[in-house]
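Trainee: The lines below spell out each chain.
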Amino acid sequence: MSKHNAEKRLFPLLITAVNTIFWHPVIFFPFLLTAFIQFFILEILYFSPREPLNVFFGPIISKIWSPEYLHYPLNLILLPKLFQYLQYPVFILLSSYLVSVSIVIIKNINEDKSIHLKPLFKQTFSMYVHIVVSALLSFCLYICLMYFFDMVIARAMEIRSQSGKFFILKRLILEGAPYFYLFFSVLITTLFAYVFPMIAIERKKVFHAIWENLKLLKGSFFFTFFVVLIPSLFIIPILILRTTVSIDGAFPEISVWILVLSICVLLFIDAVVYTALTLFYLMLREKQ
Amino acid sequence: MKKSIILSLIILLFTFVVLSFLSRNGEYAAQRDLWGINLKLKQASKDPNNMPKNVFKEIMDDYDQFMIKHPNSRMRPYAHLISGRVYMLQRKFEQARQEFETILEEYPKETAANIQALAEIGRTYLKEDNGPAIVNTYERILAKYPLTELGLKVPLLRAEFYQRQNDETKTQQSYQNAADHYEEIIKQNPDSLIEYQALKYLGQSSLVLENWEKVVDSYGELLIKYPYPKYLTVYESDKIIKMITTISITKLKKYDPAKMIFLRFIERHPKHPFNETFFEMMKSFEFLKEETKDIE
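These protein sequence lines are chains A and B, in that order. All residue numbers in the first sequence are consecutive under the working numbering, ending with 288. All residue numbers in the second sequence are consecutive under the working numbering, ending with 296.
For reference, chain A alone in the conformation it holds in the complex (with noise of 0.2 Å):
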């Protein structure tokens, strides 16, 4: 791995990140556990208004939402969100987790040390706290933004204009939904970028990595925030199949399989995003 190469330069960078995990796949081992609890939830899921799951699912769906989403094809209208929804958990009990274990891998893989993934896990593990606080305040900051935004949708709802620079706005800010939550996901994680890094391998703690995390964007901002953008404007595709694709074709299940490819996509989104974030930080940490 040629430390040369990950100064900062974006595309240098992110294409060290890809030839990293190419050389070194352990590296993709803890996004591929991610995954794999991301298609389980999945099945579950798409099973859920079925014998015998809709004994325990069909309760709570008719209460939450309506009983009418226990009936095909109206179920897999409302998988897409109910896979949503559970992600925030995941994330933060999770993924977050894991993408420190990856992290660990990555400095390991750095300093030439041989990997062994049970220790790296379970030293890991003993900042699990710390790894969970950060990740929920960073889920926080962005429900904040979420909720904001819905205020702007729904006063976008209100524009009564059917021509004219209002309805343009207005048509922006509906079809553009998808996009701004994906540029609010990409400011987040630009905004805590180095402090699973700094928790994982300085063994620092939340708020005093958090704190760390500010002053080193203070200098890198921009390149930071493309450095998440760039791989991240691949779930582009993904995007505009999802708006595009109706349940009233000949295929509803189609919701399931845009679903099936966005995780496989964002496996390959945050891979890359982590390894090319933590080979910057060791980059700079070797700097210093």
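Because the hints were derived from the structure by calculation, they are not lab data. Since we're looking at a predicted model, the values are computed, not measured. The reader is advised that the hints may include incorrect statements.
[To be verified] Partial pick of chain B residues on the chain A-facing surface, computed with a CB cut under 10 Å:
| no. | residue |
| --- | --- |
| 1 | Leu9 |
| 2 | Gly26 |
| 3 | Leu34 |
| 4 | Pro52 |
| 5 | Lys53 |
| 6 | Val55 |
Beta carbons: idealized from backbone N, C-alpha and C, even for Gly.
Using the hints provided, position chain B relative to the given structure of chain A.
Mentor: Relative to chain A, chain B alone:
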């Protein structure tokens, strides 16, 4: 690492296979099968005259297989609906009605399916141009399911039927009966979705009867009580506001009926986004009054 990945794949596959097996004959499987048959029917409905006969045979074969595979499913009445619709597409109206009547006889508790069956029976008579039978079907729906979505619409449908027949006397009588019927429904079902629909239909009936005061009152009541997107979209609300204003000015020759509705609305919904529009409209009324005095 390789062992973990293989184990994960085995767990996912095993879970999928087990859950698929356990749910293979359940209600969800019946819904999915019926949805597939219905999709074929929709395709065939696009151009039934040019559809090859084997398409209809294929749908009926799927229907037969469905009835064998799912003997206890709650979807069986809906399968009969599909079968009846296939006969309708082939203009075999008597056989279609037999299928629909089967639903009414064998599944009396399945309200949704029963209503659809009665609606389809009406459509078969419509296609045969059998006036008395159509009216009789309307009466059946009104007798059994007066407060359902279709049941509420039936008085209006009946009046529209006579209107298409160019029977002036019966048309006027039917619209008046419909208006009276809806007023009764409104009295008995205040603050409900039923009242909302009845107010809409009362407005429509009164429009045909040229009972302008009733039109303004019913649409005004609709706007004041149900101004939320759940009931009225922004576009529908706009239409109603324009109708109230236009009829007040051009037919009733007064600004006050519209003004009273707007004032009541503002009082009831002080923070509603429409209020700004209503204040401006009332200012315009005052300005027009100054300019022209009351139109009368």
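Trainee: Against this structure, judge whether each hint is valid.
Mentor: Cross-check of the supplied hints:
1. Because the closest C-beta pair between B/Leu9 and chain A is about 8 Å apart, less than 10 Å, the hint holds.
2. For B/Gly26, the interface hint holds, since its Cβ comes within 10 Å of a Cβ in chain A; the closest pair sits about 4 Å apart.
3. At its closest, the beta carbon of B/Leu34 sits 9 Å from a beta carbon of chain A; the interface hint therefore holds under the 10 Å criterion.
4. Contact between B/Pro52 and chain A, as hinted, is not supported at the beta carbon level, the nearest pair being about 19 Å apart and thus beyond 10 Å.
5. For the restraint placing B/Lys53 at the interface with chain A, the shortest Cβ-Cβ distance is roughly 22 Å, beyond the 10 Å limit, so the hint is violated.
6. A distance limit of 10 Å between C-beta atoms decides the matter here; for B/Val55 the minimum to chain A is near 15 Å, and the interface restraint is violated.
Of the numbered hints listed earlier, those contradicted by the structure are 4, 5, 6.
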